[in-house]
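> Spelled out, the chains give:
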Amino acid sequence: MSFDWMKIPYALLTVFIVFNYGMLLGALIQKIGARAGRRHGIPIWQNYVDLIKNYGQRTSITHGVMFYLGPVFRLTGGIGLLLFVPTIYGSYMFSNLSFAGDLILALYFVFFGTLGMALGAGESGHPHAAIGITRGLSQVSVAELPFALAVFAVALQYQTLSVTDIVAAQQGGVMNWTLFTNPLAVAAAMLAFLGSMMRPPFDVVIAPQEIPIGPPTEYHSAYLALMQTNRAIFPIAKMVIYMNLFFGGATSWPEFAVKVFLLYLFSAFVGVCFPRFRVEQSIRWFLIWAVPLGVLAILWV
Amino acid sequence: MEQELKPELQIRKVKGPDGVEFEVEPLRDYYCEALPTVQHGAYIQIVEDFFNWARSHSLWILGFGTGCGAIEMRPLMTPRFDAYRYGIQWRPTPRQANLLVISGYLSVKTLKRAIRAYEQMQSPKYVVGLGSCTINGGMYWDSYNTIKRLDDYMPVDLYIVGCMPRPEALLAGFEDLKKLIRAGKAEGANQYAEKFDWYKSNQKRVIHDWDMPDYSW
Amino acid sequence: MRALHIRLQHLFPLGELTEQRPDLGFVTVPAAYLRPTLLHLRDREGYTHLVLLTAVDWLEEDLFQLTYLLSNRSTGCDIGLRVKFPRQAAHMESIHDLWPTAATYQRELREMFGIDFPGSPRLHEEFILEGWNDIPPYRRDFDTLKYARANYNDRPGRETHDPEQHMKQQLYPDGA
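Residue numbers (this note's numbering), protein chains in the order written: chain A, 21 to 321; chain B, 932 to 1148; chain C, 159 to 334.
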C-alpha cells in the first residue's frame, strides 16, 4: 500500500481551518452566553489576543518533564482526533488520514488529552490540580460511557468501524441520518456530549469559582497558550465525530460550519439554562439517564 | 528579629511510601531559591510593540480582594459595566493573571499574601492600587496594622483615587493602564527585580513574622 | 427581666439592673460568682446562647470589664453580665467548657487586650495579628498613631482638615 504524501499538507490545512473556526466559534458562543446574561461579552477576536499575550509572556516556570508534556499531550489529543477522521466527506483534500478502523482510534483520542493533562497537572504538585484531576477524570469517564455505548450501537448498526463508511451509509437524504435511524443512540451520545464539553451544568471541573480552575491551576504563559490552542481545536474535532456518526457528516465547508455551530449551540443552550452540577450529582445523572439510553440503543440494533 | 518557624516549615524527617526515611527542609525543597531577574523584551521593537498591544488588550486580573474596594470590582462583571468588552477577565490563580489589583487598604497580614501572589505572577505583570488607602493610608492613616504607601512594597503602575472609586473610575483607570502598557512604560516586574533588596527590606520591616522564602518563585 | 433579676438576687450578690429595653438588661457580677451565675442562667433560666463576649478598658479606674451577653431563644430576652477586674496581670476564668465558642472569643481577647484565660484551648496561638511585637493594640494606653508613624511610611503631602471648619469655609467663605 503506498502512502499518499499529499495528504499531509492537506491535513495541516484542515487543522489550520479548524483552528481558526474554533477560535472564532468559541468567542461567538461565549458572546451568545453573555447575551443570555444581557452582557455584550468579549470581542470576537479576544481569543486571538489572549493567545498572543500568553505566548508573549516573558517568564515561565516548569515543574518537571510531565509538566511540559501535559499540554503537548492535550494538543496531540485534539489534533490526532481531527486528523484521523474525515472532516469533509467525499473530499480528497479534507478526508485527512482516515482509515478502516478509525472509530476506535477516535474513541482513544477523546480520552488521550485528558489523561495527558492529568499526568502533567499532577506533576505541578498543586493540591487544587489534584482535586481537579480527580473530579475531571471521574466525570469524563462516566460521560464517556454512554458515548462509547452509542458508538458501539452505531458500529453494530452499520457493521463497520470506519467513520467514512458510516458517513457514506447516511448519505441520500435527511431520513438516512443516524439521528432518525437510531434515535436512542443519538440521544445517549448527545447527553454524553454535554458532559464532555466542559460547559454548565457539567463544568465544575474547570469552573473558576470552584477550587480555582481545577487541573490547569499551575499552567501559565506558553503552557496555557498551548492549552488554549487545544481548546479551539478539540471541541471542533469532537463535533466532527458527532457530525459524522449521527448527523450525516458534511460534504462541504459551509455545511460543516453550520452543523458544528448548531452542535456547539446545543451545549451552550443547555449551559445557560441550567445551574452547575456537583461531580457526584453529574455522575449519578449520567448513570441514571444517559447509560440506560445507550444500553437500549445497543439492544435495539 | 529572628522568628521561630511554623511547624510545617521546620526541617523534619519524613518516611516515604517505600519506607525510606529522608529529611525535608520545606523552605529549600518546596520553594525555588532563584531571585527575580530583569527580563528583556523581544529583540525587535516591532514584535515587542505587538506583544504590548496584545498584553494591553488582554488584562487578566487576579481575583484577590484585599479590602473593601473589592466590592467595586464585582459590578464590573455584571451587565451594567461588563468589563469583558475591554478584554478584561478575572483569573482565579496568580499564575495566569498579569494584573494585580490591590483593592483598598492592605493590612500587614494581607500584605504578606499579596506579595506572594505578586511574586507568583508571570512577568510582565502590573499592579493597580485602588482607592486612597493604597496611596497614603486614607482613613486608615493612623491604624496599627495597615500600610500607608503601597509603592514601598511592590511596584505600582497606576493608582485610581477615590474612597471608593466607582466602577466607572476603574474602567477609566484600566484604559489608562492600557495606554501605559502600549507605550512600553509598564515595566513594574523589572523594577521589582532591579530594586529587589530595597523592596525586601521594606517588606521585612513591617512583616515581623517573616517565615517564607525571600522570593516565592 | 425584673422578675429574673429578683430571682437571681436571692442566689447571687448582683449589682443593680440596667434595663435598656424590656428584653435587654445588664447586670454586674463579682468575678467569683460569674461561673455559677452563667451556669444557672444557662441550665435553669433557658439562656442557652452565648451571643458575644467582649471587653472594655476602663483605663482611668484601672479596670477591665468583660461583658457576657446571653440570649434566651424561646423568650427572645437578652441579659448581659458585666465583670470588672484589675488591669494588672489581667486574667479571668475560662468558660470554654460552658460554650465551646467562648474559646475563640477568649483567644481574641488575649491577643487584643492581653487578658489571660488559663486553660482555654489554643489561647496563645495568633488569632488576627501576625508577629505582633508591642503591647496589645486594643488597650487604651496603646498609641496607635505613634505606632503607625513609627512603623509605616507616610506619603508626604497629606493634608487633614477639621470637617466642621472645612465645610464652614466651603459653604460660607465670607464668614457669615
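These aren't lab readings, by the way, just hints derived from the structure by calculation. Certain hints may be false.
[Claimed, not checked] Within a straight-line C-alpha distance of at most 16 Å, the following computed EDC-like cross-link-like pairs (lysine to aspartate or glutamate) qualify:
{"no.": "1", "chain 1": "B", "residue 1": "937", "chain 2": "B", "residue 2": "1142"}
{"no.": "2", "chain 1": "B", "residue 1": "937", "chain 2": "C", "residue 2": "283"}
{"no.": "3", "chain 1": "B", "residue 1": "1040", "chain 2": "C", "residue 2": "269"}
{"no.": "4", "chain 1": "B", "residue 1": "937", "chain 2": "C", "residue 2": "201"}
{"no.": "5", "chain 1": "B", "residue 1": "1110", "chain 2": "B", "residue 2": "1013"}
{"no.": "6", "chain 1": "B", "residue 1": "1043", "chain 2": "B", "residue 2": "980"}
{"no.": "7", "chain 1": "B", "residue 1": "1116", "chain 2": "B", "residue 2": "1099"}
{"no.": "8", "chain 1": "A", "residue 1": "51", "chain 2": "B", "residue 2": "1013"}
{"no.": "9", "chain 1": "B", "residue 1": "937", "chain 2": "C", "residue 2": "284"}
{"no.": "10", "chain 1": "B", "residue 1": "1040", "chain 2": "C", "residue 2": "288"}
{"no.": "11", "chain 1": "B", "residue 1": "1135", "chain 2": "C", "residue 2": "269"}
{"no.": "12", "chain 1": "C", "residue 1": "304", "chain 2": "B", "residue 2": "1145"}
{"no.": "13", "chain 1": "B", "residue 1": "1126", "chain 2": "B", "residue 2": "1050"}
{"no.": "14", "chain 1": "B", "residue 1": "1040", "chain 2": "C", "residue 2": "218"}
[As the list claims (entries may be wrong)] Facing chain C, a subset of chain B residues (Cβ under 7 Å, in silico):
{"no.": "15", "residue": "1005"}
{"no.": "16", "residue": "1079"}
{"no.": "17", "residue": "1083"}
{"no.": "18", "residue": "1140"}
Being a predicted model, the structure only gives us computed values, none of them experimental. Think of the CB as a built atom: it goes at the ideal place given N, C-alpha and C, for glycine as much as any other residue.
> Does each hint hold? Answer for all of them.
So, going through the hints one by one against the coordinates:
{"no.": "1", "hint": "B:937 to B:1142", "result": "7 Å, holds"}
{"no.": "2", "hint": "B:937 to C:283", "result": "11 Å, holds"}
{"no.": "3", "hint": "B:1040 to C:269", "result": "15 Å, holds"}
{"no.": "4", "hint": "B:937 to C:201", "result": "41 Å, violated"}
{"no.": "5", "hint": "B:1110 to B:1013", "result": "20 Å, violated"}
{"no.": "6", "hint": "B:1043 to B:980", "result": "34 Å, violated"}
{"no.": "7", "hint": "B:1116 to B:1099", "result": "23 Å, violated"}
{"no.": "8", "hint": "A:51 to B:1013", "result": "12 Å, holds"}
{"no.": "9", "hint": "B:937 to C:284", "result": "11 Å, holds"}
{"no.": "10", "hint": "B:1040 to C:288", "result": "6 Å, holds"}
{"no.": "11", "hint": "B:1135 to C:269", "result": "22 Å, violated"}
{"no.": "12", "hint": "C:304 to B:1145", "result": "29 Å, violated"}
{"no.": "13", "hint": "B:1126 to B:1050", "result": "14 Å, holds"}
{"no.": "14", "hint": "B:1040 to C:218", "result": "32 Å, violated"}
{"no.": "15", "hint": "1005", "result": "25 Å, violated"}
{"no.": "16", "hint": "1079", "result": "5 Å, holds"}
{"no.": "17", "hint": "1083", "result": "6 Å, holds"}
{"no.": "18", "hint": "1140", "result": "3 Å, holds"}
Comparing the model with each earlier hint shows violations of hints 4, 5, 6, 7, 11, 12, 14, 15; every other hint is respected.
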